[in-house]
Amino acid sequence: MENIKEYIESGILELYVLGSISPDEKLQVEKMAAENAEVKVEIEAIERSMEAYAEVHAIAPPEVLRGRILNSLLTNLADDRIFTKAHSRTEEVFEDDDVEAENVIAMPVRQPSFFKYAFAACLVLLLISVYGLINLYSKLQDTNTQLTAMQLDKQKIANDVSNREKELNIYRDTVYRILRLKGTPKTPTAAMTIAWNTINKKIVLDMKSMKLPEHDSAHQYQLWALVGGKPVDLGVFDSANAIDTSGVKEMKAIAAADAFAVTVEPMGGSVNPTITEMVVSGASK
Amino acid sequence: MSRKKKISLSEEELILALRNREKIAVEALYDMYSASLFGVISRIITEIPVAEDVLQETFVKIWNSFSGYSAEKGRLFTWMVNIARNLAIDKIRSKDFKNQAKNHELENNVTFVDEQRNTVYKPELLGIKELVATLKPEQKSILDLVYFKGYTHVEAADELGVPLGTIKTRLRMAIQQLRKHFN
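Keeping their order, the protein sequence lines are chains A and B. Once you know that position 248 of the first sequence is 247 in numbering that gives the first Met the number 0, the rest is easy, because the numbers rise by one and skip nothing. Once you know that position 173 of the second sequence is 172 in numbering that gives the first Met the number 0, the rest is easy, because the numbers rise by one and skip nothing.
Among the hints, a few may not be true.
Stated by the list, open to error - Derived DEER-like restraints, expressed as beta-carbon distance ranges: (1) D157(B) - L73(A): 41 to 49 angstroms; (2) A120(A) - S64(B): 48 to 56 angstroms; (3) T165(B) - V40(A): 39 to 47 angstroms; (4) S21(A) - S64(B): 17 to 25 angstroms.
Everything labelled a hint here was simulated from the structure, so no lab data went into it. What you are looking at is a predicted structure, and each value in this text was computed from that prediction instead of being measured. Note that beta-carbon positions come from the ideal geometry of N, C-alpha and C, so glycine has one too.
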């Protein structure tokens with residue numbers, strides 16, 4: 000009780016009513032007032048005094064201000080009512096449409112743009128892939144073509160090599176006898192080399208070193224062997240640069256011969272050589 | 000007053016009507032308290048149009064934040080005068096107001112206002128007016144600084160160059176004097 004009196008006389012209640020107090024002190028005073036009727040009564044007495052003091056110092060605001068201020072408050076009031084009504088109406092609408100709104104309104108707004116972008120992205124990826132595939136395919140085609148060409152080249156080279164081997168072997172092999180046929184007085188520049196296999200008796204022509212006068216398409220060369228003064232057909236052949244490019248050409252076999260000669264004969268060859276058309280000849284020994 | 004009859008309600012009736020957002024509450028509120036609140040505001044802000052704006056802001060704030068008032072914690076006027084004082088102080092501390100400048104010295108406002116304007120005459124206030132007149136000048140200056148100017152008692156002590164304890168004592172003595180009116 001003594002404490003309460005001291006508390007009241009400390010002047011804190013006056014400061015509380017005057018609003019000159021910290022928020023903490025304010026809460027403390029309010030707590031004290033709630034617990035002690037005496038404090039509450041004291042506060043109210045101070046409040047009444049200050050209220051009267053304010054009334055003594057009151058200044059009547061201009062008449063026009065009353066209308067202005069009341070209007071602004073009542074306009075607010077009207078606004079409040081309109082707003083409240085409108086608000087509740089809105090809420091009703093939302094409540095009714097709640098489920099629908101979530102599925103029909105909310106989803107289409109967000110999802111379509113996602114799918115749109117996803118679809119666009121897929122389309123772009125697809126186009127890039129197709130372009131890449133086409134590129135790859137054409138490159139593959141190129142590579143295949145090149146590979147085929149290279150295989151052909153390789154085969155050709157292999158053929159060439161094997162031919163050269165064959166040619167070389169003919170010269171190296173002691174089985175072959177190399178014979179050089181010389182041009183006749185009619186064709187002095189003509190020359191030809193043949194190889195004669197002494198075992199299987201076959202004649203091989205060296206197409207590379209062959210230098211024979213040109214003939215027309217209706218004629219062919221024909222190789223003859225002279226055996227005991229009689230000509231023996233050993234087969235026909237064309238000029239080296241015509242069809243056969245293999246470097247060597249095997250002709251028929253002949254067991255023994257005194258000499259060899261080449262004549263120009265009609266296509267397919269003749270039974271007997273046309274001696275006047277002889278281009279090269281040479282003895283076998 | 001030549002105007003139509005002013006509305007007056009008991010504080011309990013007024014609070015109830017304000018809670019119910021009744022039109023009559025707004026009118027009663029204004030008629031009962033506008034002069035007292037305008038008196039406080041006018042002692043802080045001497046420019047009449049600005050003081051009028053602040054009075055309007057005060058009523059708007061009272062009206063809009065009325066749910067924040069608790070009768071348990073004090074009388075309605077105490078709550079309202081704090082709102083008015085704070086809005087008025089915020090206004091004079093705002094940049095806009097400072098830029099207008101050339102204000103009268105704050106200390107002089109109270110006497111200045113009283114000289115310039117007619118204060119409300121109410122016969123029922125005669126007794127307390129006499130009591131106010133009996134306040135010693137040092138009591139009144141402190142009371143006015145704190146109540147009308149929103150000085151904290153610490154600021155008032157600085158302003159007047161007296162110890163904090165003296166400020167508290169003088170405030171209490173001044174209010175005790177006024178309380179005689181109600182005994």
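Structure-based check of all given hints:
{"no.": "1", "hint": "D157(B) - L73(A): 41 to 49 angstroms", "verdict": "holds, 44 angstroms"}
{"no.": "2", "hint": "A120(A) - S64(B): 48 to 56 angstroms", "verdict": "holds, 54 angstroms"}
{"no.": "3", "hint": "T165(B) - V40(A): 39 to 47 angstroms", "verdict": "violated, 26 angstroms"}
{"no.": "4", "hint": "S21(A) - S64(B): 17 to 25 angstroms", "verdict": "holds, 21 angstroms"}
Going through the hint list in order, the structure does not satisfy hint 3, though it satisfies all others.
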